[in-house]
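A.B. asks: Protein chains in written order, with this note's numbering: chain B, 1 to 452; chain P, 1 to 641; chain D, 1 to 161; chain H, 1 to 481; chain Y, 1 to 98.
Since the hints were made in silico from the structure, they are not lab data. Glycine included, each C-beta is placed from N, C-alpha and C at the ideal position. Each hint should be verified, as a subset may be incorrect.
[What the hints assert, rightly or not] Cross-link-like lysine to aspartate or glutamate pairs, in silico, DMTMM-like; alpha carbons within 20 Å at most:
1. P:Lys591 <-> H:Asp148
2. H:Lys156 <-> B:Glu169
3. H:Lys156 <-> B:Glu135
4. P:Lys164 <-> P:Glu219
5. P:Lys308 <-> P:Asp370
6. H:Lys156 <-> H:Asp97
7. P:Lys164 <-> H:Asp442
8. P:Lys308 <-> P:Asp595
9. P:Lys32 <-> P:Asp114
10. P:Lys112 <-> P:Asp370
11. P:Lys169 <-> P:Asp309
12. P:Lys164 <-> H:Asp97
13. P:Lys112 <-> H:Asp442
14. P:Lys568 <-> P:Asp309
15. H:Lys350 <-> H:Asp442
16. P:Lys308 <-> P:Asp543
17. P:Lys207 <-> P:Glu219
18. H:Lys156 <-> P:Glu599
19. H:Lys350 <-> H:Asp97
20. P:Lys592 <-> H:Asp442
21. P:Lys207 <-> P:Asp80
22. P:Lys169 <-> H:Glu431
23. P:Lys591 <-> H:Glu361
24. H:Lys439 <-> H:Glu185
25. H:Lys350 <-> H:Glu431
26. H:Lys156 <-> P:Glu458
27. P:Lys32 <-> H:Glu361
28. H:Lys350 <-> H:Asp148
[As the list claims (entries may be wrong)] Derived Cβ-Cβ restraints for the label pairs, each shown as a range:
29. Y:Asp92 <-> D:Met58: 34 to 42 Å
30. D:Met58 <-> B:Ala66: 40 to 48 Å
31. Y:Leu22 <-> P:Gly610: 27 to 35 Å
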Amino acid sequence: MNPLMYPLAPQAALAAGVFGALGLGLLVRPKPVWGCVLAALAPLAALAALRVVPPGYWPPLVDVDAKSLGWQFVIYAGALPLAFCAPGDDVETALFLGATLGMGLLAVAGNLLMLFVGLEFMSLPAYLLVARSGEGPRGRRLEAAVKYFFAGALAGALFLFGMALYYAETGRLGPGAAALGTLGRAGVSLMAAAALFKIGAVPLHWWLPDVYEAAAPEVTGFLSTSMKAAATLFLVRVIQIAPDPMFGAILPWLGAGTALFGALLALRQERLQRLLAYSSLSHAGLLILGVGAWARLGGDPRALAALLLYLGAYALMSNGAFAFLAATGLETRSQLRGYAARSAGASAAFAVLLFALGGVPPTGGFLAKLLVFWQALRAGLAGPTALAAVASVVSLGYYLGMVRDMYFDAPQDTAVPRTVRAPSLVLLTCAIGVVLLGVAPLLRGLVGGLWP
Amino acid sequence: MTPAQVPIVAWLLFLAPISAILFGFFILRPLKPEWTHWPILLSCAVVAVASVALAARVYADGSFDLNFYRWAAVGDWGVDFGLRIDGPCVAVLTMVALVGSLIHVYAASYMKGDPGFSRFFLVFHLFFLAMIGLLTANNYVQMYLFWELVGLASYLLIGFWYQKESARKAALKAFLTNRVGDFGFLLALLLILTTFRVAQFHIIYLKVLVLASGGHTPEFLPLIGGLLIWAACAKSAQFPLYFWLPDAMEGPTPTSALMHAATMVTAGVFLLIRSWPLIAAVPGLPTAVAAIGAFTALASAVIAGTRKDLKRILAYSTVSHLGLMMLALGLGQIGVAVFHLIVHGFFKAALFLCAGNVGHAIHQPTANVDEVGGWRKALPWTYACFLLAALSLAGVFPFGGFFSKDAIVDAALSRGGLFAAAGLLVSIGSAFYIFRMLFLTFHGSRPEQKGLSAHPHEAGFGFVAPIVLLAVGSAFAGLLRPLIERLVDGGLHGLPVSVGGVALQMNLPGSAMIPGFEWRALLIGTAMAAIGAGAAYALTMIDAGWDWRWRVSSPRLVRVFDTDFGWKTLIGWIADGVTGLGNFAGRVLDKKWWDGAIESTGSAALGAGGLLSDASRGRLNEALWWMAAGAALLLAAGGLR
Amino acid sequence: MTLWAVVIAGAAAVVFAAAMLWSRSLYNGAVCLLVVLLQTALIYVLRGAPLLGLLQVMIYAGAVMVLTVITIMASGGASAAERFADFALPRGLAALGVAAVAAEIALTLAGAPPRAAAVAAPGLTAAFGGDLFHSYALATEAVTLLMFLAALAVLPDKEPS
Amino acid sequence: MSLLTALWVVPLAGAVACALSGRAARWTSLAFSLAALALSAAALRPVLASSGAGLALAGGAPGAFGVSYALAADGLSLSLVGLTAFLNLICVAASWDLDVSAGYWACFQALACALCGVFLARDLFLFYIFWEATLIPMFFIIGLWGSDNRRRAALKFFIFTFAGSIFMLLALIAVVVLHQRATGEWTWNLAALRGTDLGPAAPWIFLGLLVGFGVKVPMVPLHTWLPDAHTEAPAAGSVMLAGVMLKMGVYGILRVALPLAPTVAAAWMPLLTLLAAISAVYGALCAMAQTDLKRLVAYSSIAHLGFCLLGVFSGTAQGLAGAALLMINHGITTGALFLLVGFLYERAHKRGLSDFGGLAERAPRLAFFFGFSIMASIGLPGLNGFVGEFLCLSGIWQSSLPIFAVLGVIGVTLAAVYALPAYQAVFWAPEGPGSVSAKVRDLGARESGILWTLCALMLWIGLAPQPWLAALAPSLRGLVR
Amino acid sequence: MNAAVWATAGALFALGLAAVVLRRQMLAMLLGVELMVAAADLALVHGACRFSDPEALAAVAVILAVAAAEAVVGLSLILKVLRSGRGLDAGDLTELRG
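Please build the complete structure, drawing on both the sequences and the hints.
C.D. replies: Here it is in structure tokens:
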């Protein structure tokens, strides 16, 4: 057995999924509906396999440490909702599994090249997935895919040149170099730029709203959760390779700025998906702030735990929110008016998720935000945290605005009254999960209090 | 009365009215509103008997204290409620009880047929209860409680006929002015509690006495004294806060008689009596009290002479006589002040009820001097009682008023200077305005009366009986002098208290004995009364048209008197200033500026969002340009440093 | 000597890259890029990584550029509003290219026998070949799967349901 | 299940039960409110017996991130919990005849649960969760069952308070971080955090806490959400909002802000007292200008809470006892006033002063109760309003500059200036053009019953405040400076 | 030698970046991307030979393959956009905005 097979079991499961999906597509003429069942199996199998993987370092490419295990868990969990929501025909299943596989590879990457391969491996299928998925108008999806492609390609090129510069300075592709000279630091900055592009930091974010708006809701859910987690890990890995004080200084302000920028833009959006795209941008800002705090704290594992929990909570919230859009087929905020009167269950779950996204306490969203603020304040970043706090207050404007539209307005007759079963299942599980996460730290005490 | 019965009788003072009110409110008002006054009259009787009994007890065995319960105790000070039955309290209480009962009887017939009959009697008796509570309180907090309850009752009674715009405005003005006065009282309360750590009167007297004997006074004592005087000025309608009393005449006549003549307005004087040891301990304050009293007495006497409405004349007369009581207090004659307070209670109540009869005769709540005239024969009883009370007010020899008012004037004369002049002028003025009212109402036919259709007739027994009793009472009130002398000055005031073994007979400092009967006072008093009466006779009977001719000839003078020498306009400005400030704060400062500023941050966020979303035109090349620029920035930041 | 060859190759690559950027016609651009790729392949060989130069020529110049040219032909890009009048590569540019190639050949032959390869460690190519399939095995496998997935791009869209 | 846990779990169970019980939600909410009131009485008894020492429930061992489920209760907390339960019962009774969905009752029970949680929590994380959780039910109460522009008011209410409390959150985190730096252990327990030396960041931390609690109180600069929220909330909603939710702010300052940053609090005391005094006078001034009854009562709440803060910032025994008592009194008096205005609005769907007139004849009972509550609200001695304000003023007089007490007394005087003209305009003045007095019928038996209980309470506290002070004073002993 | 190669790589990278950002036709932008990748490869190979590190060469080989895959995806997307009637010009793709 190939020695690498053991630590890469999850990736192997996903690869098997890809080939399975394509094989079925080719061999079985009437496209099998249960293609999505196969798809659903792959990430589950990966999660199962993850428990078996022993952490270790297989030079030069694979480095499976606690960090990558945690991230892989979040990535595969983030992929599950799309798997359940039947990602369309076999080609899309293959593409979706391919992208997940790419993220898995990136998670275990030991050196810069493997990082690049992982980056491209997760991006290329994503471009195609955006182009093919959902029933939205074909022109818009293609436009979004092309924009996503060129932005991704440019980022890939920047990363490569950065890698070259770094290599020229240190002569190695892996981490562990001594203090870097100007050439090396320049290389690292370029690599960081590529990572920041993928998360969606402000100047490099222009592609994000268009792509998230055009793709099918559940695909956007996948992109905004798993892809964002992978991108965050990418940034963490780059900083780990070259722990430059520049990151500690710039990233917090960049993050807080992105959070405020995303929140302000989301206020005025009429289309729901674009609004949630900008809100995802705002949450990305907080992630960047978290990474900045981690960098300033000199790689403190507690800060990483906060980041991971934020990504976990965000995976629940964002997937849930997009599942609502997929389930109800609502397009714009005016269609949302008075929707609670029509379907109480879905709108209640969506309201819970909106409160969570806004960071209102009894939900997981609050716990996540609290932890990131906590680490930021530990790192002494009072200014950026205050700015991020302002951003989360601004974000309440549209989260609560949507709840207000749903509950406090008279129902519109023009709404599209259809609910698709699979996504609503995802919606409910996410809503319940978010609330449980919110009271998680207290759970042991609570249970103790209720039944001493 | 055996010692065991005394507390019961004391508590009866409270139980009777409370049970009457509750019985009336919960049972009679819904079932038989027109019978509401029966339990109340019964309670009046009980209270009258109880107060007389208590007066006898105090007269015989001295004052006593009854502790009831601990109201509130926090940190290092505590306030306990209880009763304090001593000389001045019993004296005033008896007057209030007797006069009050008579007015209740009068009101029973006066208010018959009024739709709000039961509401009137319940509130009327609530006032009665509050007055009793105020007089018998043994500490400042309890007194403040009943002080405000009296204010509330006066608000409800002045505004009894709330359909009338003027009644509503007058009620509001009365209550707010009293609240301004209570501003001082509340502040004084805070000072007292923080300085003396206790609210009971006799303990405070003791502390002041001990400190005074030690040579130094507590730092806030002058402020406490000043604030208490301010509060007394509001309640007893002294300058500068007197302007609410003339408008308080909007209420039904019984209320004007009971509250705004005999009892409520004397509460302020009673407060000063109760806190006299504090005020006397501060050198300047007594003279200040005297000055306020003298000035108010003089000014209101003059204005009373120019009023046309009967009840307004009597209102200004009350202000003037309260000024006299303040003057007496200021000159250190506490006994005389109490004596005048009691006598004034009788004759002023009689005068008001007579005015009530006159108004009732022409079926209006109050009568105007131009609408009446020559009713000597039509209302014989009312005329007789009015005459008796008028003589007593003017201070003519045998009648009660002489002994109390002229004693004050005599004290003023012995003090000399401005007070003497004021005293003389006031006695002339009061004789003038009361006899002018007498002549204009009861004597001589007035040319302007022609158009009047009403032919007045005497009211029934229910109206006349109380007035007769009151008039007779005011006539012979002079005989009460020795009684009050003993109650107020005879050392019965303080409790036999021993401090370090020394039995301190707490006596009111500076309460000299009531001056005995002297020929000098007799001559001066009668002379002044004669001058006043003569002038009135001349200007109303001989030159009949004088009273309305000068109004036509010099309107500016009329305006001066109407606005009380410009004081009412000043108060009007202040009131408009406060409401203007309120409107500015409420509408402009809070709603437009402050709330607008906060909501504009919300719209600013929306604007910024709009701006940014317009900027993102979705062009691919721009996006890539921004990416390149971002990367370059990072490069610069990373590389350079 | 190889230094001069590298410099000339580099210069040529840059000139042609500029031409690609500037050329209005996509077809010209594509051809210029092809030349650039060849020059870089040459530099790889000169720097001592002949196998990589071969790979570059095979994969990059060969497959990718051919694909691109075909796409340009298919998209009619060539006939887009052109910056230059005629279709052919501008003569001056072509002449320059031929001169550059000639100079390089001359310099490499005039210099010592092709020991340029000696500049890098002996056996580098062999080690490089080995690494590709041992320590970098995962990367190569991953890339092959990536190629496979990329191929899905050409599948037609599913008919709107 | 310990008693303290039950105090907030019962209303939560009530909320769920009401949500599920459809049309019979009214009865379920009544049952659960009574149960909650009984529980709070049961909890209060031992505290009274042990002269206010209070019973603490040290919850389970600290869970993740140093968070522990710690509840505790002393005189102050339990009196506020009692007030919550009592007012909740009053609200259920008051909105008995409203045709509202089951959600209405569920929201009120949820609100009661969160409020009890705030008053009992001793772990700052738990405190913050309950603190923010109160916003959600209130948001829906205002939004779903409010009057005409309820949508904007609900949003403004939520965002305004959230903005304040997010800075409070940052301050709390800062305290936890500094505590960890000093002692090395992660904990959110209030008792443990009290002693932390906050170093140079202390003013910022205190400012953050103050902003968070100040918005809720509301202190003057941060008060503009209150009039809108009150005007748009339904009658029962305003009762809970004014009756209890404003007290969360004062409770927070008393329990969290002052103990956590005592040095800064002492240094800023004159400024804080000035703000409180300004609130007292400014609230009364603004009330004068209002033409809408509910806005008038809302501004009067700002004035009353100004007094409460005066008492709190005085730091003396009298001041603190006065503040604690005023919190309860204000709950009862303003609760009664809002109920009455609510009944008026129910009958005539109008709240303007000029819309009514001559109601004294049409609705004598309404006139009596309104008059009674107004008198209690402007602080007539003998009723409950006076006791609280008097103690607060005497507290502030002892501890700081006389100007503040004078401003306070001016506030008391101004109370009558705005309250009585309003009373006269509605009840005494004759009906103006376009008045809707015809639609107003007098109070029914249920409504009168509610108001009789409230008036009886007002009279009882006014005449005999000592038993209440005895319950509250011991728990405040720790806070006296 | 070192300076020469780095100069070339830098210039090529810059020109590639210019092509991507400035050109309107998408295909030209794609060419630009290819150029940037080639420049990076050049730099990497030069570095590899300097350090005579076989791993870097293997890396470059992998990068070549990835670039190829990228080109395939890019070309097919551009063709699809072309066939959907939107033309080759990136400036027209502004339906998603705001």
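A.B. asks: Any hints from earlier that this structure breaks? Give me their numbers in increasing order, please.
C.D. replies: 2, 3, 4, 6, 7, 8, 10, 12, 13, 20, 23, 24 and 26
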